[in-house]
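Asks: Whenever a hint applies, use it, and build me the whole structure from the sequences.
Protein chains in written order, with UniProt numbering: chain A, 1 to 293; chain B, 1 to 293; chain C, 1 to 293; chain D, 1 to 293.
One or more of the hints may lead you astray.
As the list claims (entries may be wrong) - Cross-link-like lysine-lysine pairs, in silico, DSSO-like; alpha carbons within 30 Å at most:
#, chain 1, residue 1, chain 2, residue 2
1, B, K140, B, K60
2, C, K124, C, K60
3, D, K22, D, K201
4, D, K55, D, K124
5, C, K28, B, K201
6, B, K43, B, K28
7, D, K55, D, K28
8, D, K21, D, K140
9, B, K43, A, K28
10, A, K60, A, K43
11, A, K201, D, K201
12, C, K28, D, K28
Stated by the list, open to error - Each pair of labels, with its calculated beta carbon distance range:
#, chain 1, residue 1, chain 2, residue 2, range
13, A, E128, C, D77, 39 to 45 Å
14, C, N261, D, Q97, 48 to 54 Å
15, C, G233, D, Q97, 37 to 43 Å
16, A, K43, C, N261, 38 to 44 Å
17, B, P292, C, N261, 34 to 40 Å
18, D, R131, B, E90, 47 to 53 Å
19, A, A138, C, Q121, 48 to 54 Å
20, D, N265, C, Y57, 30 to 36 Å
The set of hints was computed from the structure by calculation and includes no laboratory data. Glycine residues also receive a C-beta, built at the ideal position from the N, C-alpha and C atoms.
There are 4 protein chains.
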Amino acid sequence: MNPLGIHALVWAGDVSPESVKKIISSSKQAGFDLIEFSLHDPKPLDFGYTRELLKEYAIKPAFSRGLAFNADVSSDDPAVVARGVALLTEAINITQQLGGDYFGGVPYSALGKYSHPITAQGRKHVVETLRRISGEAADKGVKIGLEVVNRYESNVINTARQALELIDEVGTGNLCVHLDTYHMNIEEVDFTRPVLECGDKLGYVHIGESHRGYLGSGTINFTEFFHALAQIGYTGPITFESFSSTVVAEGLSNDLAVWRNLWNNGMDLATHAHAYISAQAKGAGLGVTDRPY
Amino acid sequence: MNPLGIHALVWAGDVSPESVKKIISSSKQAGFDLIEFSLHDPKPLDFGYTRELLKEYAIKPAFSRGLAFNADVSSDDPAVVARGVALLTEAINITQQLGGDYFGGVPYSALGKYSHPITAQGRKHVVETLRRISGEAADKGVKIGLEVVNRYESNVINTARQALELIDEVGTGNLCVHLDTYHMNIEEVDFTRPVLECGDKLGYVHIGESHRGYLGSGTINFTEFFHALAQIGYTGPITFESFSSTVVAEGLSNDLAVWRNLWNNGMDLATHAHAYISAQAKGAGLGVTDRPY
Amino acid sequence: MNPLGIHALVWAGDVSPESVKKIISSSKQAGFDLIEFSLHDPKPLDFGYTRELLKEYAIKPAFSRGLAFNADVSSDDPAVVARGVALLTEAINITQQLGGDYFGGVPYSALGKYSHPITAQGRKHVVETLRRISGEAADKGVKIGLEVVNRYESNVINTARQALELIDEVGTGNLCVHLDTYHMNIEEVDFTRPVLECGDKLGYVHIGESHRGYLGSGTINFTEFFHALAQIGYTGPITFESFSSTVVAEGLSNDLAVWRNLWNNGMDLATHAHAYISAQAKGAGLGVTDRPY
Amino acid sequence: MNPLGIHALVWAGDVSPESVKKIISSSKQAGFDLIEFSLHDPKPLDFGYTRELLKEYAIKPAFSRGLAFNADVSSDDPAVVARGVALLTEAINITQQLGGDYFGGVPYSALGKYSHPITAQGRKHVVETLRRISGEAADKGVKIGLEVVNRYESNVINTARQALELIDEVGTGNLCVHLDTYHMNIEEVDFTRPVLECGDKLGYVHIGESHRGYLGSGTINFTEFFHALAQIGYTGPITFESFSSTVVAEGLSNDLAVWRNLWNNGMDLATHAHAYISAQAKGAGLGVTDRPY
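Replies: Next comes the structure, spelled out in structure tokens:
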């Protein structure tokens with residue numbers, strides 16, 4: 001069975017010790033094997049305490065971050081790129097220090113609505129940055145995932161095919177594709193082809209509903225997606241992601257356009273998500289070996 | 001939350017005391033609230049023992065039967081009709097004796113592949129029979145459900161609309177529609193309109209996958225179906241039905257064209273079905289009152 | 001049969017006489033009954049020439065516009081609101097002058113990614129503006145449509161339910177809901193409930209694919225949407241909308257995050273869209289009276 | 001573009017010269033490139049006249065047949081098998097004589113509801129027959145297609161995987177798989193995996209709606225199926241099949257359980273089907289070379 005994860009923002013918008021305690025204990029209580037911490041504001045993180053709690057609760061961490069417009073490795077401006085690189089280096093270090101082996105999200109771009117297409121120079125900066133960063137990350141035992149996000153969250157890559165091309169261009173072995181059903185629903189041709197095209201380059205998966213609320217309450221054809229995962233024999237993490245105005249991380253929530261209340265009770269949401277993902281995975285035969293068809 | 005049921009044929013092909021024990025205990029173990037017993041061959045039923053076990057395990061019974069070509073209330077031949085009526089009377093009596101309040105399935109037809117369309121005379125017999133039978137059943141506190149089945153299992157009604165028309169024609173208040181996703185997938189325009197058209201005439205639901213195997217491993221758009229149930233606020237039973245060559249009821253399995261092995265382990269199948277149905281229902285907001293959208 | 005329309009941006013990014021000629025003649029050639037002109041920059045419009053061409057080609061116009069952050073009727077700042085009102089007044093006048101009876105889009109908000117949720121004061125301004133504007137429009141025989149757009153294009157309304165609530169609050173009879181499959185795919189629970197909830201308040205429809213490219217090449221369940229339209233007997237316009245980096249309106253294309261090439265040949269795209277929409281509508285039985293089921 | 005075909009039973013239930021004239025001229029008028037003639041009762045066929053008409057209308061023929069219970073190559077009884085072989089030989093001869101190069105359908109079984117699973121001996125007869133028949137057909141330039149049908153129409157093969165296994169077992173190169181969306185909807189895990197598993201073994205395709213009526217009026221996810229066809233670059237025939245009580249072939253219609261009126265006007269149905277299939281194929285990018293994604 002694939003490790004099932006949950007995004008920390010279901011529980012808290014920051015990573016203060018108090019919030020980290022809530023995040024870790026609640027994730028465990030809801031049945032998850034992995035927590036994805038967003039590093040949009042990592043300052044309050046107490047490394048020793050967090051490591052200890054992760055150990056105590058026997059739960060694995062993964063890390064993600066999107067860059068900012070003033071620290072954007074897809075910028076034309078080398079100074080802006082340098083600030084982006086610094087954020088990535090910090091994130092990889094945190095990942096290593098907290099015992100993680102995966103850092104993903106949008107390390108190739110600002111996370112937000114651009115006002116113009118990417119330039120050739122910006123693209124060049126992305127490739128150079130990923131080449132350098134993925135090498136450093138490899139040395140630290142950290143894999144880098146490129147999350148394919150929708151047009152309103154980046155102008156660099158919006159489809160699996162573009163992510164695979166970018167990975168090819170970078171040419172290091174330490175990059176993988178991270179698919180997210182919420183974004184796929186907007187940008188991909190279906191929920192099958194991107195998965196088959198990625199094959200073993202698929203390293204991480206986000207399960208999000210079309211409106212980012214309760215799984216099963218939106219338009220996404222999860223059955224098709226899980227059938228595709230079963231077809232490639234995907235064994236990596238499957239992480240639930242959801243956002244509601246109930247739990248807010250000031251900057252990030254506005255970046256993500258979280259205007260609506262999609263749920264009130266994180267534990268109810270999370271418990272359901274675990275059950276829903278498990279049922280879909282098993283229905284599709286993901287990780288099942290004795291299905292006669 | 002709606003009562004969740006399971007068809008006894010997941011566990012055993014007959015109703016001998018031994019099988020009844022297995023059926024009841026296994027259904028309970030897999031988490032279900034209700035068992036649907038098929039009365040295709042009720043002779044081995046030990047009424048006292050079954051009643052006792054149902055009480056001991058605190059699980060509710062429902063009953064179903066399809067008629068046979070030589071005991072078919074849609075026949076032109078009054079003698080054949082009379083044999084069908086006798087089977088129905090017997091089934092209603094068993095339902096009452098075992099403490100049930102629901103008898104459904106195909107009480108209006110043989111369960112099988114006809115070799116010709118229904119005649120006007122046959123249709124008249126169906127209406128007369130249901131009028132008489134539903135009155136008797138009402139007196140015994142038993143509701144009669146008309147399961148809408150596909151073209152290969154009856155030539156009398158294949159769509160919800162036809163069932164509603166038949167109920168209108170019969171004109172008694174004791175009939176309800178029983179929708180089954182397996183059959184809907186073949187005969188209906190979608191999984192929404194039939195549910196909305198039934199409204200509070202919908203009295204019973206079968207959840208079956210397109211090939212009658214593991215839920216989520218076939219073509220049925222369960223999300224759409226559960227969204228429709230939520231839209232009408234359906235509160236009745238939802239019963240899982242599945243057939244595999246692993247558990248066989250000689251005649252019935254051949255009538256149902258069960259040629260393939262769709263599963264080996266009934267408990268694994270049933271536990272999954274319970275989780276899958278629960279997750280779909282909750283995802284759709286069925287029985288949920290605090291969903292903000 | 002519903003009037004089938006096409007968004008002018010399939011053909012040209014501006015409304016210079018040259019472009020208007022191309023837009024009108026191409027729309028006609030591709031088989032459409034209606035053209036939706038975007039009034040994002042109406043200055044180059046030659047009213048007399050456009051009216052004449054519309055008459056010559058016997059094709060109907062509709063008009064749409066989204067506001068800007070410095071002319072936004074959902075702002076807290078009355079001066080910003082006033083600039084928004086001026087844009088709306090202008091748009092309604094153009095609609096009337098060009099013989100149209102429908103002005104829609106996002107008259108209630110800037111069209112773009114907000115950086116914060118709407119305020120109570122902003123919402124009050126929206127209601128006041130719509131009340132005033134819809135009254136003026138009614139006098140000019142122009143109906144106002146509120147297009148329900150996704151979270152990245154407005155923070156005021158993102159679902160049909162929110163649009164209906166806003167219409168109720170405004171309380172004039174001259175507002176209708178405009179649903180767009182592209183946005184519904186992101187924000188609604190499915191493609192059925194919003195349509196049924198709107199009922200005869202649904203006044204205009206956009207058909208856009210999930211990625212805004214070729215119909216049928218994305219994730220949207222058009223079958224479900226057209227079934228829902230058939231269920232409410234929708235008789236209004238159905239307008240195809242698509243964006244590609246091939247045809248660009250400088251500001252608008254960046255507002256809409258059009259980074260990818262989704263098509264090269266507008267005529268091929270448009271002809272296909274007309275055939276696709278016609279086939280879906282007929283398949284669903286929209287406007288069909290002799291379907292026996 | 002793939003050749004688009006239509007099943008003759010949309011137009012007429014027999015193959016008398018009069019009916020053949022109607023079938024050929026109507027198919028052409030509705031825009032089709034190919035007609036599939038069912039050989040359930042080939043006696044009335046006038047070979048010379050039919051050949052001439054096919055030439056005059058420049059339309060290609062394909063042929064199909066299902067066997068009968070008394071002429072069934074999956075029977076244990078060699079005499080019954082022999083009668084089945086005779087029917088197949090006849091069908092292949094007719095195919096050749098009428099200038100066809102494809103004979104498909106259910107040459108491996110009776111077309112109908114069996115009352116028991118296939119036996120080992122029956123299966124052996126199927127393999128032997130297909131080995132022999134496909135060799136003879138090859139000599140005559142006729143390819144044999146195995147249509148995968150649902151459980152109520154055969155107990156020999158119900159899934160693409162079973163068809164591929166059978167083809168492997170037979171071991172001649174002259175057999176291909178024929179997939180039919182109507183049957184896939186009942187028996188397959190989805191509309192993608194069977195297509196990908198077949199790959200270039202897929203030789204013929206039937207497009208039928210879930211209830212065999214108007215395309216787009218049922219439950220089938222055609223978008224998914226056409227995406228899968230595009231993924232394998234399928235270039236073979238795509239034939240529309242539909243049955244209604246309006247046009248009846250006595251025996252065949254009852255074998256197929258055609259009880260309902262799904263349409264009245266064959267030309268309206270056929271024209272729509274041609275448009276619907278064309279739109280789906282193009283939407284999915286089937287045969288399209290310049291789609292930028």
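Asks: Next, verify each hint and record whether it holds.
Replies: Cross-check of the supplied hints:
no. : hint                        : in the structure
1   : B/K140 - B/K60              : 17 Å, holds
2   : C/K124 - C/K60              : 34 Å, violated
3   : D/K22 - D/K201              : 33 Å, violated
4   : D/K55 - D/K124              : 40 Å, violated
5   : C/K28 - B/K201              : 48 Å, violated
6   : B/K43 - B/K28               : 24 Å, holds
7   : D/K55 - D/K28               : 12 Å, holds
8   : D/K21 - D/K140              : 26 Å, holds
9   : B/K43 - A/K28               : 51 Å, violated
10  : A/K60 - A/K43               : 21 Å, holds
11  : A/K201 - D/K201             : 28 Å, holds
12  : C/K28 - D/K28               : 28 Å, holds
13  : A/E128 - C/D77: 39 to 45 Å  : 43 Å, holds
14  : C/N261 - D/Q97: 48 to 54 Å  : 51 Å, holds
15  : C/G233 - D/Q97: 37 to 43 Å  : 52 Å, violated
16  : A/K43 - C/N261: 38 to 44 Å  : 41 Å, holds
17  : B/P292 - C/N261: 34 to 40 Å : 38 Å, holds
18  : D/R131 - B/E90: 47 to 53 Å  : 51 Å, holds
19  : A/A138 - C/Q121: 48 to 54 Å : 52 Å, holds
20  : D/N265 - C/Y57: 30 to 36 Å  : 32 Å, holds
The structure does not agree with the numbered hints 2, 3, 4, 5, 9 and 15 stated previously, though it agrees with the rest.
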